[in-house]
Amino acid sequence: MNVVDCSGLTKTFGRTTAVKNLSFTLAPNKITGLIGRNGAGKTTLLKLIAGYLLPNAGSIQVFSENPFNNIKVSANMIFVDENMVLPASMNLGEILESAGRFYAHWDHKLAVGLFTYFNLHPGQYHSKLSKGMRSAFNVILGLAAHCPLTIFDEPTIGMDAAVRKDFYRALLKDFMQCPRTVILSSHLLNEINDILDDLLLIKDGEKCLHMPIDELKEYAVGLQGKEETIAKMAEKAEVLHRKKLGKDSVYIAVRNQFAEEELHKARLEGVAISPVAADDLCMYLTARNKGGIDDVFDRN
Amino acid sequence: MLLDTNSLKPIYVQIAEWLEMEILNGNIASDEKIYSQYQLADMFNVNPATAAKGLNILAGEKLLYKKRGLGMFVSCHARAAIRSKRIERNLKQLVLELVAEAKRLDVGRDDLINMLIAAELQVTEEEGSQ
Numbered sequence: 001m002n003v004v005d006c007s008g009l010t011k012t013f014g015r016t017t018a019v020k021n022l023s024f025t026l027a028p029n030k031i032t033g034l035i036g037r038n039g040a041g042k043t044t045l046l047k048l049i050a051g052y053l054l055p056n057a058g059s060i061q062v063f064s065e066n067p068f069n070n071i072k073v074s075a076n077m078i079f080v081d082e083n084m085v086l087p088a089s090m091n092l093g094e095i096l097e098s099a100g101r102f103y104a105h106w107d108h109k110l111a112v113g114l115f116t117y118f119n120l121h122p123g124q125y126h127s128k129l130s131k132g133m134r135s136a137f138n139v140i141l142g143l144a145a146h147c148p149l150t151i152f153d154e155p156t157i158g159m160d161a162a163v164r165k166d167f168y169r170a171l172l173k174d175f176m177q178c179p180r181t182v183i184l185s186s187h188l189l190n191e192i193n194d195i196l197d198d199l200l201l202i203k204d205g206e207k208c209l210h211m212p213i214d215e216l217k218e219y220a221v222g223l224q225g226k227e228e229t230i231a232k233m234a235e236k237a238e239v240l241h242r243k244k245l246g247k248d249s250v251y252i253a254v255r256n257q258f259a260e261e262e263l264h265k266a267r268l269e270g271v272a273i274s275p276v277a278a279d280d281l282c283m284y285l286t287a288r289n290k291g292g293i294d295d296v297f298d299r300n
Numbered sequence: 001m002l003l004d005t006n007s008l009k010p011i012y013v014q015i016a017e018w019l020e021m022e023i024l025n026g027n028i029a030s031d032e033k034i035y036s037q038y039q040l041a042d043m044f045n046v047n048p049a050t051a052a053k054g055l056n057i058l059a060g061e062k063l064l065y066k067k068r069g070l071g072m073f074v075s076c077h078a079r080a081a082i083r084s085k086r087i088e089r090n091l092k093q094l095v096l097e098l099v100a101e102a103k104r105l106d107v108g109r110d111d112l113i114n115m116l117i118a119a120e121l122q123v124t125e126e127e128g129s130q
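Protein sequence lines, in the order shown, are assigned to chains A and B.
At position 238 of the first sequence (counting the first as 1) the number is 238 in the UniProt record's numbering, and the numbers step up by one without a gap.
At position 24 of the second sequence (counting the first as 1) the number is 24 in the UniProt record's numbering, and the numbers step up by one without a gap.
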């Protein structure tokens with residue numbers, strides 16, 4: 001049974017459509033990465049799943065129920081983002097102590113372990129923490145709550161690289177001990193790539209790609225070589241990105257629909273074949289216009 | 001070992017190849033238990049489903065066998081099978097690329113063979129000094 005089931009989901013704010021006719025399902029006990037450009041509708045989608053917002057059209061089911069104003073969904077879900085509302089009168093130690101009363105599967109040992117590891121102090125107040133420390137505290141709540149549906153909306157904002165790495169590893173280790181459905185939205189796909197099961201890529205509120213992360217690696221391939229050789233190969237595949245290099249050399253990223261022998265033959269003809277990093281691929285797929293930043297400067 | 005995220009090879013293939021190396025160099029003997037998907041996930045910091053996919057490649061080639069409730073074990077013929085597979089797929093491919101590069105650089109057959117002999121000596125020496 002699917003944990004999340006959306007069909008034709010649409011949400012508008014005034015004249016802007018944040019989520020447009022989105023249909024997908026999330027199977028239980030998987031980590032799904034939600035990726036998209038700024039303003040693609042990631043947060044709106046997550047808030048719809050969490051039941052914070054009511055859709056304008058389409059349907060959404062979480063644990064087979066409508067999540068809006070729903071006690072079952074609220075009890076089995078935690079939503080972690082930078083605006084987590086926590087009581088201002090309680091210090092961090094008190095918040096940790098009382099969190100167990102709200103979450104049935106609360107893992108206090110894990111919470112305290114992570115709390116100490118990330119150098120937080122029980123006497124501190126949430127509002128007085130630095131951006132990175134506040135994010136660290138929020139993800140501790142998100143992990144230790146052990147909710148069947150755990151949503152992280154850009155949880156690593158403000159964290160330095162070392163803390164982000166620790167968080168991803170903590171998430172993976174805890175996920176293996178206690179499998180649950182995790183949705184992780186982030187801009188840093190390359191960092192979370194390896195720990196994901198699936199990737200959901202959205203563009204302008206619409207679904208762009210939803211596939212196991214392993215398949216994404218084989219989805220596209222980068223070819224670099226002489227213009228005429230590349231042009232011949234480009235005829236056979238969908239070109240996602242093109243960049244001129246030097247005088248007569250060109251780099252293209254294409255859908256990988258080549259047979260092993262074709263790639264091998266190209267290699268012998270002097271074509272450099274490289275993988276397309278997941279985050280580059282997502283950038284190409286969600287590009288709003290042909291060309292790129294260079295065009296802004298090349299206009300005159 | 002660290003995974004090569006810049007490689008064209010998917011992570012699960014890299015894990016499968018790493019396991020093959022472990023069997024090939026005798027770190028895991030026949031009928032010995034191989035790493036579980038969770039051990040692999042922890043070692044390589046990857047999703048357990050990815051690690052399982054790596055194990056399943058080897059199981060699909062009958063290099064591993066399952067014991068119900070105990071996990072996966074190395075088949076008795078695994079080592080020999082991996083060796084011949086590597087010769088067939090990797091070594092022959094490498095030789096092909098070697099010959100192609102030599103041709104591009106206009107290196108004759110005798111020179112190439114001399115280079116091979118020199119390389120072999122170097123490898124033997126390095127092994128001896130370790």
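To be clear, the hints were calculated from the coordinates, so they are not data collected in a lab.
Here the structure is a predicted model, which means the values were calculated and not measured.
Certain hints may be false.
Calculated pairs, EDC-like style, for lysine to aspartate or glutamate (alpha carbon to alpha carbon, straight line, at most 20 Å) [what the hints assert, rightly or not]:
#: 1; chain 1: B; residue 1: Lys67; chain 2: B; residue 2: Glu97
#: 2; chain 1: B; residue 1: Lys9; chain 2: A; residue 2: Glu215
#: 3; chain 1: B; residue 1: Lys92; chain 2: A; residue 2: Glu262
#: 4; chain 1: A; residue 1: Lys173; chain 2: B; residue 2: Glu125
#: 5; chain 1: A; residue 1: Lys265; chain 2: A; residue 2: Glu215
Taking CB as the label site, the calculated pair distances span [unchecked claim]:
#: 6; chain 1: B; residue 1: Glu97; chain 2: A; residue 2: Asn38; range: 39 to 49 Å
#: 7; chain 1: B; residue 1: Tyr65; chain 2: A; residue 2: Lys243; range: 46 to 56 Å
#: 8; chain 1: A; residue 1: Glu191; chain 2: B; residue 2: Leu96; range: 32 to 42 Å
Where a beta carbon is used, it is the ideal one built from N, C-alpha and C, also for glycine.
Exercise for review: Mind checking the alpha carbons of Lys67 of chain B and Glu97 of chain B for me, to see if they're no more than 20 Å apart?
Suggested key: 41 Å, violated
Review point. Does the alpha-carbon distance linking Lys265 of chain A and Glu215 of chain A stay inside the 20 Å limit?
Key: 23 Å, violated
**Study point:** Outcome of range test on Cβ distance (Glu97 of chain B, Asn38 of chain A; 39 to 49 Å)
**Key:** 43 Å, holds
Check your understanding: Has the given pair, Lys173 of chain A with Glu125 of chain B, been kept, meaning a C-alpha gap of at most 20 Å?
Key -> Not OK: Lys173 of chain A and Glu125 of chain B at ~43 Å, beyond 20 Å, violated.
Practice item. Go ahead and decide if the range 32 to 42 Å is satisfied by the Cβ distance of Glu191 of chain A to Leu96 of chain B. Key: 37 Å, holds
**Study point:** 20 Å limit on alpha-carbon distance, applied to hinted pair Lys9 of chain B and Glu215 of chain A
**Key:** 11 Å, holds
Practice item. Measure nothing beyond the straight line between the CA atoms of Lys92 of chain B and Glu262 of chain A; if it is 20 Å or shorter, mark the hint as holding. Key: Distance ~17 Å between Lys92 of chain B and Glu262 of chain A Cα, so the pair holds.
Check your understanding: Does the hinted range 46 to 56 Å hold for Tyr65 of chain B and Lys243 of chain A at CB?
Key -> Roughly 48 Å apart at Cβ, these two residues keep to the hinted range, so it holds.
Violation of the numbered hints given earlier is confined to hints 1, 4, 5; the remaining hints are satisfied by the structure.
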